[in-house]
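Engineer: Assemble the complex: chain R is given as a structure, and chain X must be docked to it using the hints.
Heads up: the sequence lines are chains R and X, in that order.
So the mapping is simple: the working numbering equals the position in the first sequence, first residue as 1, plus 204.
So the mapping is simple: the working numbering equals the position in the second sequence, first residue as 1, plus 1.
Just so you know, the hints here were simulated from the structure itself, not pulled from any lab data.
Only a predicted model underlies this, so the values are computations on that prediction, with no experimental measurement involved.
Beta carbons: idealized from backbone N, C-alpha and C, even for Gly.
Possibly wrong hints are sitting among the right ones.
Quick list of the computed label-pair ranges, beta carbon to beta carbon [said to hold, decoys possible]: (1) G493(R) / L164(X): 26 to 32 Å; (2) T52(X) / K261(R): 28 to 34 Å; (3) P133(X) / P383(R): 57 to 63 Å.
Reference listing, derived: stretches of chain R covered by chain X, where coverage requires no fewer than 3 residues with Cβ under 8 Å from a Cβ of chain X [unchecked claim]: (4) 281 to 287; (5) 453 to 467.
Residue-level listing of the chains:
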Amino acid sequence: MAKARTGYSRRALLKTGGAALAATAFPAPMIWAQDIKDITLRQFGTGVSNLNDVAQKVKEDLGFTLEMTALDSDSVTQRAATQPDSFDIADIEYWICKKVWPTGNLQAMDVSKIKNYDKIVGIFKSGKLTPESEIAQGTAPHSVGFIPEPGATGFADEETNWMTLIPTIYNADTLGIRPDLIGRPIESWAELLNPEFKGKASILDISSIGIMDMAMVCEAMGEVQYGDKGNMTKEEIDKTIAIFTEAKRNGQFRAFWKTFDESVNLMASGEVVIQSMWSPAITAVKSRGIDCVYQPLKEGYRSWGGGIGLSKSLSGMELDAAYEYINWYLSGWVGGYLMRQGYYSAVPETSKEYMSENEWGYWFEGKPATDVITSPTGDKLAAAGEVRDGGDFYSRMGAVACWNAVMDENQYMVRKWNEFIAA
Amino acid sequence: MTETMATATPEPQASAARKRGWLGSRHVVGWLEALPLTIVLLTFLVLPIVTIVIVSFWRATEFSIIPAFSTENYEFLFGSSVAWRVFGATFRYAFISWLFCLTIGFTVAYYLAFHIRSQTTQIALFLLCTIPFWTSNIIRMISWIPFLGRNGIANQTLIDLGLIDQPLEWLLYSDFSVILAFVHLYTLFMVVPIFNTMMRIDKSLIEAARDNGASGFQTLVHVIIPLTKPGIMIGTIFVVTLVMGDFITVRFMSGSQRANVGRLISNDIGLLQYPSAAATAVVLLCTVLITIAILLRFVDIRKEL
Chain R
205 MAKARTGYSR
215 RALLKTGGAA
225 LAATAFPAPM
235 IWAQDIKDIT
245 LRQFGTGVSN
255 LNDVAQKVKE
265 DLGFTLEMTA
275 LDSDSVTQRA
285 ATQPDSFDIA
295 DIEYWICKKV
305 WPTGNLQAMD
315 VSKIKNYDKI
325 VGIFKSGKLT
335 PESEIAQGTA
345 PHSVGFIPEP
355 GATGFADEET
365 NWMTLIPTIY
375 NADTLGIRPD
385 LIGRPIESWA
395 ELLNPEFKGK
405 ASILDISSIG
415 IMDMAMVCEA
425 MGEVQYGDKG
435 NMTKEEIDKT
445 IAIFTEAKRN
455 GQFRAFWKTF
465 DESVNLMASG
475 EVVIQSMWSP
485 AITAVKSRGI
495 DCVYQPLKEG
505 YRSWGGGIGL
515 SKSLSGMELD
525 AAYEYINWYL
535 SGWVGGYLMR
545 QGYYSAVPET
555 SKEYMSENEW
565 GYWFEGKPAT
575 DVITSPTGDK
585 LAAAGEVRDG
595 GDFYSRMGAV
605 ACWNAVMDEN
615 QYMVRKWNEF
625 IAA
Chain X
2 MTETMATATP
12 EPQASAARKR
22 GWLGSRHVVG
32 WLEALPLTIV
42 LLTFLVLPIV
52 TIVIVSFWRA
62 TEFSIIPAFS
72 TENYEFLFGS
82 SVAWRVFGAT
92 FRYAFISWLF
102 CLTIGFTVAY
112 YLAFHIRSQT
122 TQIALFLLCT
132 IPFWTSNIIR
142 MISWIPFLGR
152 NGIANQTLID
162 LGLIDQPLEW
172 LLYSDFSVIL
182 AFVHLYTLFM
192 VVPIFNTMMR
202 IDKSLIEAAR
212 DNGASGFQTL
222 VHVIIPLTKP
232 GIMIGTIFVV
242 TLVMGDFITV
252 RFMSGSQRAN
262 VGRLISNDIG
272 LLQYPSAAAT
282 AVVLLCTVLI
292 TIAILLRFVD
302 IRKEL
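Same shape as in the complex, but just chain R:
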């Protein structure tokens, strides 16, 4: 009967039946498969996790449609802050959350509806990776991860039942280098401004991230001492920008990059031999057969984390679908997919089931690969015997010196940054 009217396949009908059975067994809110097919959730975010493969898998596993839009960090912030009705799910970074949350465009999530909440890594809850860890400078995810009650525009100091973003992806960033063109060990952030690399260095032109890389460099050079790199004073900003402006005028930089692809091209073409870079960009350079290293540095990593936030305008069935999506996100498939690109999943345990022992050993445990390591799209990334740059999860995420941040003097920093770019 249902088939005649709406053209459901036998399989869909069975699924619906199953759902109905489940609904009677568990009196929790349950979405009907025939309705969920019509639901479309619009997600936007930075390129890193806006993957079409994820949208396809969502369609397969959950039945509804996920529309993905990938933008750069600035545009993401802009859109989340100014066009709340243009999206249902915002895939944003924690520092963006700090900027956007006070606009009231996002709604808090009920932690009790998140199945794998207990398994989420400590960084996103207490702020500590292990009980002994020290919390790094900057906008640490846990500090903007919770609010005291629904509707609040300020953040809570400790874990509550209301989460701003569900953590999905994070990593520890450092400088990328071309060892074949440099030919000597690189150990410090200070090397970025080493005159040896005049005209062959680059930094990313995204103010909130770029300023942190600058701070890591200036601190490593011993030129500036910071109280908190994630929350600089005007004076610290002036000093930092002045050092880089001088370097720029002296021709230290070949180019600045703003998008992932630009950073890959700069490195692969040999225009640049040392630059701020993101992990999968290294992977992309390597997959072209070019030697490229994500160099661990003695001062530590600059880290970042992203998560999924829900638009304020989501309600009813769409909201239920969004919760289903979040639970699915944390259930392992996406985590495995992201970890095989070199990112970390917020719930590593569940991702493990979707990775081979070799992959898990290489990416998470820092063990030598026992076989060829390939990316989710099939490109060869590492041969047997190779070890991940920086080692295992705990030595990488444990050596975070600073989180990407928005500072109190952000407005001022942005203007100075704009001057630096135009200088």
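Structural biologist: This is chain X only, laid out in the frame that chain R set:
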């Protein structure tokens, strides 16, 4: 350009209305006929500009815009040495690009108009000039990057020829590459209007010049150039406004190492500083208008057309 056309169009309409007086007051008909264009211009030209001017006096925080009347944005702009330098760079780019576009554009148009006798060949060659314009601006621009790069074709060829030992660094991500891209992108905007005016020069004038003993060069300077002035001026306006308003070419071809005013504005927008971007846009708009006003002092385009 738009404004020139806007004021020019209603006139013939008004004279038409005068003849059809029986329709009622000629004023009413005239106004009615001008109405659609007026509405279009008000909605899509005047209103946005007014909005930009208003917003330029507002204030902004990281994530919100506060309506206020504050001259803060202008103070910051005029007080910043970087802004002055960037305006200087914008004029420099505009001037140098204009110079090259004019030289190349004039030469091409002159060749097409006076050296090619057959009209078919003329049209064929003219279309040939426009072929690159069938692809996107951005693609034409970006395709220079691998060509000019450190290990690009240009450097490789020069090294293979033994002309240089080290790759030339200044080929890419420099003022050179920016201006090269501008000239490449915008020369056609010079060719078309100049070619157009040249085609309308009465050939008998050139014969008369020759009969009176003028050399080829004298004919060029005293007959052709003065008569081509409107075309040159239109081309100039195109090139100058396009270069002064550009931001993407400067960003890609200089690898963000150089800046013009458009870059200032786009950076501001990227960082959610809309009022500041609006203020810069207003200053840029005024600068461009003044530049065009000065240019128009030299030639009365409307009369010449």
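Engineer: Hint by hint, say whether it matches the structure.
Structural biologist: So, going through the hints one by one against the coordinates:
Checked against the hint of 26 to 32 Å, the pair G493(R) and L164(X) passes, with Cβ atoms roughly 30 Å apart. Separation of T52(X) from K261(R) is about 44 Å and departs from the stated range, judged on CB atoms against 28 to 34 Å. Evaluation of the 57 to 63 Å hint for P133(X) and P383(R) yields a failure: the beta carbon distance comes to about 40 Å. Beta-carbon proximity to chain X at under 8 Å applies to 4 residues in the segment 281 to 287 of chain R; the threshold of 3 is reached and the given coverage holds.
Coverage of the segment 453 to 467 of chain R by chain X holds [criterion: at least 3 residues with CB-CB distance below 8 Å; count 6].
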